[in-house]
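Visitor: Residues per chain, in single letters:
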Amino acid sequence: MKKSLSNKTIQLNYFSRFAELTKKTNEAWSTEAVTVQELWFELDAQYRFEQEMSSVRPAINHEFCDWQRVINDRDIISFISPVSGG
Amino acid sequence: MPVHYFELTEKQIGRDLLVEKFSDPACGAFVSFEGWVRNHHDNRPVSHLFYEAYSKLAINEASKILEQALVSYGINSVICIHRLGRLQIGDMAVWVGVNAAHRGAAFEACRFVIDEIKLRIPIWKKEYYLDSTAPLWVGSEVAG
Chain V
1 MKKSLSNKTI
11 QLNYFSRFAE
21 LTKKTNEAWS
31 TEAVTVQELW
41 FELDAQYRFE
51 QEMSSVRPAI
61 NHEFCDWQRV
71 INDRDIISFI
81 SPVSGG
Chain H
1001 MPVHYFELTE
1011 KQIGRDLLVE
1021 KFSDPACGAF
1031 VSFEGWVRNH
1041 HDNRPVSHLF
1051 YEAYSKLAIN
1061 EASKILEQAL
1071 VSYGINSVIC
1081 IHRLGRLQIG
1091 DMAVWVGVNA
1101 AHRGAAFEAC
1111 RFVIDEIKLR
1121 IPIWKKEYYL
1131 DSTAPLWVGS
1141 EVAG
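Here the protein sequences come in this chain order: V and H.
In this text, residue positions in the first sequence follow my numbering: the first is 1, and each later residue adds one.
In this text, residue positions in the second sequence follow my numbering: the first is 1001, and each later residue adds one.
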């Protein structure tokens, strides 16, 4: 897939530790990141998540996705830290 | 009538009403699992818990788990309810019910559902302790 450097505005939703670290439950974010992996590095640099990427799962538009998933304008994106339900 | 659904609730889970949904003359087995809040974790005394979820993703992912259970084990019905918010020691945090023609499928499917729920569903548990240690998001390395 051809990579685009176009700017996108996405919505980020934060939960549990990530909500506490960012002090936000959501925010609009402008990015040139092409994949969710690139976006993770961008956010990690901003907020210092202190969480191994291997223990995190990305989600786009309320479904899990892989790290190479391409971001589109207006996507809703979350990073899921280790879960502990039950 | 077969049913299968997953629900998140901030209210107490009412097991009796749930069990009634499993009455079916074609089913000879009903198995349920209840997860209760215990008063200790890693040798620390727990005072209470707080559960948070990414609801839309949780419901989407849970529906896949229940569908997988129906297909893989040939069960009749499956319901899973998970609590959110503040829970006290002894409260029921999660309930799974399964019925099937025979007990083998019901036991295995119930085990499968609770294991997958704990592994895959975006629900987070924050533990609060009676000692001086800071509250902890379970599964995370950092107190907060």
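It cannot be assumed that every hint is accurate.
Unchecked claim - With a Cα cut of at most 20 Å, we get these calculated SDA-like pairs of lysine to any residue:
| no. | chain 1 | residue 1 | chain 2 | residue 2 |
| --- | --- | --- | --- | --- |
| 1 | H | Lys-1056 | H | Glu-1116 |
| 2 | H | Lys-1126 | V | Ser-6 |
| 3 | H | Lys-1126 | V | Asp-73 |
| 4 | H | Lys-1021 | H | Lys-1056 |
| 5 | H | Lys-1056 | V | Arg-57 |
Derived from the structure by calculation, the hints contain no laboratory data.
Visitor: So, for every hint listed, does it hold in this structure?
Guide: A quick look at each hint next to the structure:
1. Restraint check: the Cα-Cα separation between Lys-1056/H and Glu-1116/H comes to about 17 Å, which is no more than 20 Å; the hinted pair holds.
2. Restraint check for Lys-1126/H and Ser-6/V: the C-alpha separation of about 39 Å exceeds 20 Å, so the hint is violated.
3. A threshold of 20 Å between alpha carbons decides the hint, and for Lys-1126/H with Asp-73/V the separation of about 33 Å lies outside it, so the pair is violated.
4. For the suggested pair Lys-1021/H and Lys-1056/H, the alpha carbons sit about 24 Å apart, so the restraint of at most 20 Å is broken.
5. For the given pair, Lys-1056/H sits about 15 Å from Arg-57/V by alpha-carbon distance, which is consistent with the 20 Å threshold.
Hints 2, 3 and 4 from the list above are not met by this structure, while the remaining hints are.
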